[in-house]
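**Q** Work from the hints to combine the two standalone chains into their complex.
Residue numbers (the numbering used here), protein chains in the order written: chain A, 155 to 636; chain B, 4 to 378.
All the given hints hold, so there is nothing to weed out.
Below are the SDA-like pairs computed for lysine to any residue, each with C-alpha atoms no more than 20 Å apart in a straight line:
| hint | chain 1 | residue 1 | chain 2 | residue 2 |
| --- | --- | --- | --- | --- |
| 1 | A | Lys-611 | B | Ala-353 |
| 2 | B | Lys-137 | A | Glu-570 |
| 3 | A | Lys-456 | B | Met-178 |
| 4 | B | Lys-20 | B | Arg-358 |
| 5 | A | Lys-321 | B | Val-176 |
| 6 | A | Lys-321 | A | Gly-291 |
| 7 | A | Lys-203 | A | Leu-622 |
| 8 | B | Lys-350 | A | Glu-343 |
| 9 | A | Lys-611 | A | Ser-159 |
| 10 | B | Lys-5 | B | Asp-18 |
| 11 | A | Lys-321 | B | Pro-54 |
| 12 | B | Lys-137 | A | Pro-595 |
| 13 | B | Lys-350 | A | Asp-338 |
| 14 | A | Lys-456 | B | Val-176 |
| 15 | A | Lys-380 | B | Val-236 |
| 16 | A | Lys-566 | A | Val-591 |
| 17 | A | Lys-611 | A | Thr-627 |
| 18 | A | Lys-321 | B | Pro-203 |
Hints are computed from structural coordinates only; laboratory data are not their basis.
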Amino acid sequence: MDMPSPDPIVLSRKAELVSRLLQVLPSDAVIEDEMETRAYECDALTAYKCPPLLAVLPRSTEEVSAILRICHEMNVPVVPRGSGTSLAGGALPTADCVILGVARMNDVLDTDYANRVIRVQTGRTNLSVSGAVEEDGFFYAPDPSSQLACAIAGNIAMNSGGAHCLKYGVTTNNLMGVTMVMMDGEVVEIGGAHLDSGGLDLLGVICGSEGQLGVVTEATLRILHKPEGARPVLVGFDSNEVAGACVSDIIKAGVLPVAIEFMDRRVIEVVENYAQAGYPLCEALLIIEVEGSEPEIDAQLKLIREIAERHNPVEFREARDSDEASRIWLGRKSAFGAMGQINDYMCLDGTIPVSSLPMVLRRINELSEEFGLDVGNVFHAGDGNMHPLILFDANKEGDLELCEAMGAEILKLCVEAGGCLTGEHGVGIEKRDLMHVQYAPADLNAQMAVKDVFDPKWLLNPAKVFPLDASDTRRALQVAAE
Amino acid sequence: MKPTSELELAELIADAKTPLQIKGGGTRLMGLPDGNVLDTSGLCGITLYEPGALTLVAQAGTPIAEIETALAAENQRLAFEPADLRDVLGTSGTSTLGGVAASNASGPRRISAGACRDFMLGVRFVDGLGDVVKNGGRVMKNVTGYDLVKLMSGAHGTLGVLSEVSIKVLPSVEMQLCLRIKGLDPLRAVAAMSAALGSPFEVSGAAYDVNGAVSLRLEGFEASVRYRAAQLVGVLAEFGPIEALDDQDLCTQIWCDIRDARRFKNTQGDLWRISVKPSDAPDLLSVLNPSQAQLDWGGGLIWLTMPSGTDVRAKMTVAGHATLMRASADTFSTRARFHPEPAPITKLSADLRARFDPIALLNPGLMGACHEDRI
Ligand SMILES: Cc1cc2nc3c(=O)[nH]c(=O)nc-3n(C[C@H](O)[C@H](O)[C@H](O)COP(=O)(O)OP(=O)(O)OC[C@H]3O[C@@H](n4cnc5c(N)ncnc54)[C@H](O)[C@@H]3O)c2cc1C
Numbered sequence: 155m156d157m158p159s160p161d162p163i164v165l166s167r168k169a170e171l172v173s174r175l176l177q178v179l180p181s182d183a184v185i186e187d188e189m190e191t192r193a194y195e196c197d198a199l200t201a202y203k204c205p206p207l208l209a210v211l212p213r214s215t216e217e218v219s220a221i222l223r224i225c226h227e228m229n230v231p232v233v234p235r236g237s238g239t240s241l242a243g244g245a246l247p248t249a250d251c252v253i254l255g256v257a258r259m260n261d262v263l264d265t266d267y268a269n270r271v272i273r274v275q276t277g278r279t280n281l282s283v284s285g286a287v288e289e290d291g292f293f294y295a296p297d298p299s300s301q302l303a304c305a306i307a308g309n310i311a312m313n314s315g316g317a318h319c320l321k322y323g324v325t326t327n328n329l330m331g332v333t334m335v336m337m338d339g340e341v342v343e344i345g346g347a348h349l350d351s352g353g354l355d356l357l358g359v360i361c362g363s364e365g366q367l368g369v370v371t372e373a374t375l376r377i378l379h380k381p382e383g384a385r386p387v388l389v390g391f392d393s394n395e396v397a398g399a400c401v402s403d404i405i406k407a408g409v410l411p412v413a414i415e416f417m418d419r420r421v422i423e424v425v426e427n428y429a430q431a432g433y434p435l436c437e438a439l440l441i442i443e444v445e446g447s448e449p450e451i452d453a454q455l456k457l458i459r460e461i462a463e464r465h466n467p468v469e470f471r472e473a474r475d476s477d478e479a480s481r482i483w484l485g486r487k488s489a490f491g492a493m494g495q496i497n498d499y500m501c502l503d504g505t506i507p508v509s510s511l512p513m514v515l516r517r518i519n520e521l522s523e524e525f526g527l528d529v530g531n532v533f534h535a536g537d538g539n540m541h542p543l544i545l546f547d548a549n550k551e552g553d554l555e556l557c558e559a560m561g562a563e564i565l566k567l568c569v570e571a572g573g574c575l576t577g578e579h580g581v582g583i584e585k586r587d588l589m590h591v592q593y594a595p596a597d598l599n600a601q602m603a604v605k606d607v608f609d610p611k612w613l614l615n616p617a618k619v620f621p622l623d624a625s626d627t628r629r630a631l632q633v634a635a636e
Numbered sequence: 004m005k006p007t008s009e010l011e012l013a014e015l016i017a018d019a020k021t022p023l024q025i026k027g028g029g030t031r032l033m034g035l036p037d038g039n040v041l042d043t044s045g046l047c048g049i050t051l052y053e054p055g056a057l058t059l060v061a062q063a064g065t066p067i068a069e070i071e072t073a074l075a076a077e078n079q080r081l082a083f084e085p086a087d088l089r090d091v092l093g094t095s096g097t098s099t100l101g102g103v104a105a106s107n108a109s110g111p112r113r114i115s116a117g118a119c120r121d122f123m124l125g126v127r128f129v130d131g132l133g134d135v136v137k138n139g140g141r142v143m144k145n146v147t148g149y150d151l152v153k154l155m156s157g158a159h160g161t162l163g164v165l166s167e168v169s170i171k172v173l174p175s176v177e178m179q180l181c182l183r184i185k186g187l188d189p190l191r192a193v194a195a196m197s198a199a200l201g202s203p204f205e206v207s208g209a210a211y212d213v214n215g216a217v218s219l220r221l222e223g224f225e226a227s228v229r230y231r232a233a234q235l236v237g238v239l240a241e242f243g244p245i246e247a248l249d250d251q252d253l254c255t256q257i258w259c260d261i262r263d264a265r266r267f268k269n270t271q272g273d274l275w276r277i278s279v280k281p282s283d284a285p286d287l288l289s290v291l292n293p294s295q296a297q298l299d300w301g302g303g304l305i306w307l308t309m310p311s312g313t314d315v316r317a318k319m320t321v322a323g324h325a326t327l328m329r330a331s332a333d334t335f336s337t338r339a340r341f342h343p344e345p346a347p348i349t350k351l352s353a354d355l356r357a358r359f360d361p362i363a364l365l366n367p368g369l370m371g372a373c374h375e376d377r378i
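The shape of chain B in the complex, shown without the other chains (with noise of 0.2 Å):
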């Protein structure tokens, strides 16, 4: 099923009987449910670009790549840089608005400019009974009634199929620099990461390899980038010697790395993405032990590899919690792929989705109760 206007894509889900799997560009998750494909992509287009207000609107199955090059021209981007999991999860596909909006998808700067949730000016959607509803809209301040926009980010397509997204976009800038520490354990790593991002001069990435460096990014017009790196290498003299890289492809191919995830490409074992407190990263990664992990976030979001089957959130003892990306089909399918919460908000989530899908046809299964852990 492709349809190909709003209004199309409301009438399938209002005659549809039985589970729908929608699907976006198909390249962030992996193993879904079972259901009736349906694809966004036919939704298709970007509607409306003001770059001297900073706002893009776009039908859901609009490629990223085509809104990244409507952006460039206008010398703008996305500043919550969503990640392309291609290479990582072995999915092949286009990314789509839609799917990143569906999914939150945010890259290195959301500890700097924020989540795809923060950029997410306004949505439509098609409810699981067939009913169009919008909410937001397309001006950057706005608290006309609930928040549904931030309900339908992250919501992965349970609450309603979206068909048009409004986002905030930001320019580019003129210049990023990368300083780099190496030999550090992870205790220290988070340490330099919170000094970095505890002082004024503005990072915008702070992200570490386990086995490699702390990488630290840099953005802006060129003389302040200089100063900042400047004044940074003086905050975290302490750590060690500190590498300054300016030049501007490998500084981008290093972030694109990171936030792509892309070490773990061709890595063994089940791959997983924890979100947690910076300072709980260290004590975690010595509890886990993973064979390969990189955190980014300044700490905040740990990306770790298990062999296959490890119980990773049976071993988490701080708050936060654990998404799993990348299994066998197995695994998924007696792991929950999304963190299992308290039992009050399970319920509120549960009740929600009764209310917005209320014969379970939209990805019936990916977030809510799954049997995982029952078994």
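Just chain A, with the same shape it has in the complex (with noise of 0.2 Å):
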């Protein structure tokens, strides 16, 4: 992975930079030791490490203020850091940079259940803002599997999405207003608890914009009352296109699943052996949610199954009680740790129109086989997004490159088949050098134009999001400026 060489000045203002950060924040807000460093160097894509030059870990808006403006001052690089869950690289430091972790910053600032809203500082974990307000009987809906762990900044950079987005929408859709502190140091307040922006929609484009245009301090989100129960069905498939293609009915039919999740063969395989959870050991596998009272669900869930025996299936399981329903998810919440037992894997996170589901895992079987590496298909397929992960020894000797470089082309299918390149996870650095096959010139242009007006310095996660060959007149320009 290319990244731009570290400045050396700023690697020689070292000890400037912590004696200035001193007079602005308390001692153990201040990492510097190289031993302490190292808890920064990586996030979940563990491929890649760089120690920062420090680490920072502020308790306030203020005080996040008072970094950037001089890091601003000092031309220093600096990456934003939730929890470091990411699975694009989007935390990876750079050897110049300062990790700015909000993990200190974790206040629920105000519940408003009228207004049904929850203001909360960014470096709160996700599912414990939904604990904030569980008991009352609300909750955040955006649920990403990693929700133990991701701070609401995190899942803000990357516009994260969850299990229940088919109904429920992702991060921007839920995400109501913030605090950003701009790289030189000034705070913004951006919405609020009312809706809909003013003006221009600037909400919209610092949601997903990856830690590149301001540090989030804090967040107004939309909170939602639970439904009265939800319930599980497995349906099992002799083949991906029957299994496809039911998705498509059901969609068609105006139900709305709360969740519809897909596994192929291969992970049904898996995941049996290692949580026993009771699968058929069939082609394709669906697990369709569905939400209500006991009555709405029994009509939901009559009508899916009309659907689903019009496509012949293999196994059609209803979840009786709620042991059952825990059943019947355990092998889809395992699916990834399963597979991460029998060996290292890489996740992918393209989307496609639901449309192509057939002829994209068509394809990336037939990729599998060219590449010598075993694929398993693991995904939300109500919305198209996919999560192939690509089965590889880190020990061995260029198994990584190849197993990249089979990702790449399973990325370009899915753009080919008219979606993206990445559906949840974001760009980071992983996706970054692929972006030209998405878009044009023209596009990325127009994308950097964002940046260039929120961080005219390129100082924030400079090295991230765009290629470098696309970005480095600009971030130059910002050298330059010297």
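**A** Structure below.
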């Protein structure tokens, strides 16, 4: 992975930087010891590592502002960090950067049931946002599988999705306002407990900007009352095509399940070995969950059964109680872990139009044979967000490179099919150099123009998202401005 | 000027030297700034519609009516229910997809299904230099690069002229039902709407007419709608007698009237559209004391008329924004249509416009600094 070479001037001024930071932060908030900065050397894309120059752990928006002001003056790159669970290398440091971690900023600032919003500091974990309102029957809808660990900060930066986003949308659809600190230290308020923007929709472009436009310190999030109940069914099919057609028919029929999850034979086998969830060994399996009161659930499932039966399922299993429901989800929830048991894996995240599902799955299997690497497919079928898991052996010379090459082919396939490189994990460094596949130069220029406006010196998370050859003149301008 | 292809549109803008007034159907805005009219209605037609994937792609000048007809044939719809403001604004013409997208036009279902911006999957547009730009795509989940789709929604053409828009559509519903509670003052009305929206019973519309009733909409499969209606009647018992209307045409009429703000047709004074936190609405109403008012979005959206020339913004003590929707040409010449924003936001927005439209060709002055508040 190409990264710009560290700025020697920044490296040489480390001591000065530390002493200036210590004027605005308590000593426990500045981490400069090389052993300790190692804790921040990577995120969940562990194939790439680089310890930062320093890490800082502020406790308030004011501290964030003070840090950024100093870094801005001294031209030090800053990489914001939530919990470090990014799968795209979004929080990967550079050797000359300050990691700005918001993990200590995890307070709930306001819960407002009358207006159905909650205001939190962004270091708070996703699950603990729901946790704060759960007793009163409410929840925060976006639920990435990493929700126990990942922070709202990272969710906003990546516009993260979750298993239930078919019904409730992703982060951007549930985010109403932010407090954000600009790279020069200025604090801006965008949006709030009211809906929509009176001017340009800046909130919309901040969400998903991968920490490149500002450091988000507080957020207003929409909360909803929990449904009365939920129930999953499991449907097995003897081909991927048929499972795909069934998904499409369910959607067309006007039922809106909260989740439709798909697993192929490879994953079913691995998961069965690992978790013994009692899944049928078939070509493709769907887990469909619906919500509501008991009678509402019954009615929806009746319709889903009718539709599924037109496709001759090899199995249709409805959970009769919460125990059976959790057994149905057990396999899906342990899928990544199970795959991880048999080998290292790389998790892709391209999205395709649902109608191309059978074609794309077939091509992935062909690529798997060509490259000689095993692939399992487990993903959110309702919205076409694929998660092919390519298995490789990190200890075997050349295997990672082979896996990356195959991953790139799969992502190109997604784009060709009318889809995109990433549905919820973000570009980071992982898909940075593939951006040319999806976007023409003018498309990338328009996006980089936004970066120019928010962070003219290109100091925030600068080497991510845009291919280096596309961004280098802009980054060079920043250096030249010195 | 009426380009019939994206290429023509791009050439036209690349060659333009003086401001352009961008017009879709011309149904949504009154008193636009001067400029040569750039009519997008020649960019017309649905380019892709996949009911099984809930996606539709169309050129920006495609009439909304044409899209709604195509969707109805597959029993689908635009869940964000864009308003038809012709009656109330006294405009004519045909509402287009580009106009709806550029103004982020969202109806009562904003509170449950989401806004227009939430249903926009991708855009193609031509910026002020004549460059064609695409962003997003036609799939439902996409975080590849920055979300310029959102930036374009609600930019009113000031960052680029849309040439194509992809949207997510949703199935139509089997049934709707409307619950009505009469005789509530604004405070109680907002409380009732909050109680309904804070329940698990999936209310898809919550509106209030200051001189009339609270209306709550339920939609879905019949058994479910009836069940939820019964439950809600229980939840809302303290607010007085509740009437349940299940005549489908009547329900449609009620929500179209609310969506299109029809009660303000032929009313006197300036018409404002104000977005606030729902619980702030009653206070604001008592401060402003408007002659007519309607709340939508559970109280979060206030439509009201004020005597001509009233500075509503100066009286707003709460967070939110007020858009001037209908006024005399005189008022429009002295008062900005959109709510002035805090200095740092104004600067960011102006800088974005300067990047996307460096020689200020596209609806200049419509959103940015107007002379208003200097006077
Ligand atoms: C096992 C596992 C399962 C996962 N499942 C899902 C899933 O179902 N859906 C999904 O969408 N993702 C999933 N992810 C990916 C990941 O959890 C999400 O991207 C998450 O939102 C990252 O949050 P974080 O707090 O860990 O962010 P980090 O990894 O710390 O950072 C992510 C990005 O956010 C930026 N950032 C962090 N804080 C700020 C801030 N305060 N201001 C501005 N930018 C900031 C960083 O610079 C970086 O670019 C999964 C990851 C793992 C490891």
